[in-house]
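**Q** Sequence:
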Amino acid sequence: AEEAEQRKAEEKALEIKADAAAIAAREAQKKAEKAEAQKTAEEEKLAAALTAATSASSVFAAAVEFIRASTGASAYFAISDLPEKEPVAKSSEYEAPVEGEEGAVEAEGYGEEEGAAAGYGEDEGEKPPPPPKFVPQELKYVYAAAS
Numbered sequence: 001a002e003e004a005e006q007r008k009a010e011e012k013a014l015e016i017k018a019d020a021a022a023i024a025a026r027e028a029q030k031k032a033e034k035a036e037a038q039k040t041a042e043e044e045k046l047a048a049a050l051t052a053a054t055s056a057s058s059v060f061a062a063a064v065e066f067i068r069a070s071t072g073a074s075a076y077f078a079i080s081d082l083p084e085k086e087p088v089a090k091s092s093e094y095e096a097p098v099e100g101e102e103g104a105v106e107a108e109g110y111g112e113e114e115g116a117a118a119g120y121g122e123d124e125g126e127k128p129p130p131p132p133k134f135v136p137q138e139l140k141y142v143y144a145a146a147s
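The sequence shown begins at 1 in UniProt numbering and counts up by one.
Everything labelled a hint here was simulated from the structure, so no lab data went into it.
Quantities reported herein were computed from a predicted structural model and do not represent experimental measurements.
Heads up, some of the hints might be wrong.
Said to hold, decoys possible - Using 30 angstroms as the maximum straight-line C-alpha spacing, the simulated DSSO-like pairs for lysine-lysine come out as follows:
id: 1; residue 1: Lys45; residue 2: Lys140
id: 2; residue 1: Lys45; residue 2: Lys30
id: 3; residue 1: Lys85; residue 2: Lys140
As the list claims (entries may be wrong) - Just the calculated beta-carbon pair ranges, DEER-fashion:
id: 4; residue 1: Ala35; residue 2: Phe134; range: 22 to 28 angstroms
id: 5; residue 1: Ala24; residue 2: Ala52; range: 38 to 44 angstroms
id: 6; residue 1: Leu50; residue 2: Ile79; range: 36 to 42 angstroms
id: 7; residue 1: Ser70; residue 2: Leu139; range: 25 to 31 angstroms
id: 8; residue 1: Thr51; residue 2: Thr71; range: 21 to 27 angstroms
id: 9; residue 1: Thr54; residue 2: Arg26; range: 42 to 48 angstroms
id: 10; residue 1: Tyr76; residue 2: Pro130; range: 28 to 34 angstroms
id: 11; residue 1: Val59; residue 2: Pro87; range: 47 to 53 angstroms
id: 12; residue 1: Ala28; residue 2: Pro131; range: 52 to 58 angstroms
id: 13; residue 1: Asp81; residue 2: Lys127; range: 25 to 31 angstroms
id: 14; residue 1: Thr40; residue 2: Pro130; range: 49 to 55 angstroms
id: 15; residue 1: Ala32; residue 2: Thr71; range: 17 to 23 angstroms
id: 16; residue 1: Ser74; residue 2: Glu43; range: 17 to 23 angstroms
id: 17; residue 1: Glu27; residue 2: Asp81; range: 49 to 55 angstroms
Here a beta-carbon is modelled for each residue, glycine too, at the ideal position from N, C-alpha and C.
Build the full structure now, drawing on both the sequences and the hints.
**A** In structure tokens form, the structure reads like this:
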């Protein structure tokens, strides 16, 4: 009798677990369908806004609104008078020549005249002062997305 009751309790526990798994699967499917429907609606809204756009600023606003809607984050764009940093391309033509190649003798003293001419380098540990930091004088907000 006790074994039968224990078996019934185990079966009931398995049924409850199966029901919980089925409910979780249904909820996950509904959530995925809702997300897909929202994504499709946002893409259609973007396509309509881009089709109706008459200027670069309206295209920019539509694109930023699409990004904000799809990520859920607010965004703003600002323009400052900070100088742009250009990436420095690594070039092999300025590498020091290997000993025994032509130009090795010329490259040995390279940089000594420059340091002496600038007044730096007399002491091994002395370095030129860093350039002053650039403080921006202008900051203009171009666009801010509502969150």
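**Q** If a hint holds in the structure, say so; if it does not, say that too.
**A** Okay, the hints, checked on the actual structure:
With a CA separation close to 29 angstroms, the supplied pair Lys45 and Lys140 stays within the 30 angstroms bound. Note on Lys45 and Lys30: the hinted pairing holds, with a Cα-Cα distance of about 22 angstroms set against a maximum of 30 angstroms. The hinted pair formed by Lys85 and Lys140 meets the criterion: a straight-line CA distance of about 19 angstroms does not exceed 30 angstroms. Taking the beta carbon of each, Ala35 and Phe134 are about 44 angstroms apart, not inside 22 to 28 angstroms as hinted.
Judged by the Cβ atoms, the range 38 to 44 angstroms given for Ala24 and Ala52 holds: they are separated by roughly 42 angstroms. For the hinted restraint 36 to 42 angstroms between Leu50 and Ile79, the CB-CB distance of approximately 23 angstroms leaves it violated. Between Ser70 and Leu139 the Cβ separation comes to about 28 angstroms, which falls inside the hinted range of 25 to 31 angstroms. At roughly 23 angstroms, the beta carbons of Thr51 and Thr71 sit within the given window of 21 to 27 angstroms.
A beta carbon spacing of about 46 angstroms between Thr54 and Arg26 agrees with the range 42 to 48 angstroms that was offered as a hint. In this structure the supplied range 28 to 34 angstroms holds for Tyr76 paired with Pro130, their Cβ-Cβ distance being about 31 angstroms. Between Val59 and Pro87 the beta carbons are some 28 angstroms apart, a value that contradicts the proposed interval 47 to 53 angstroms. Between Ala28 and Pro131 the Cβ separation comes to about 56 angstroms, which falls inside the hinted range of 52 to 58 angstroms.
For the pair Asp81 and Lys127, the beta carbons lie near 29 angstroms from each other, so the given range of 25 to 31 angstroms is met. Under the hint 49 to 55 angstroms, the C-beta atoms of Thr40 and Pro130, about 53 angstroms apart, fit the expected range. For Ala32 paired with Thr71, a C-beta distance near 18 angstroms keeps the hint of 17 to 23 angstroms intact. Taking the beta carbon of each, Ser74 and Glu43 are about 20 angstroms apart, inside 17 to 23 angstroms as hinted.
Separated by about 52 angstroms at the C-beta atoms, Glu27 and Asp81 satisfy the suggested range of 49 to 55 angstroms.
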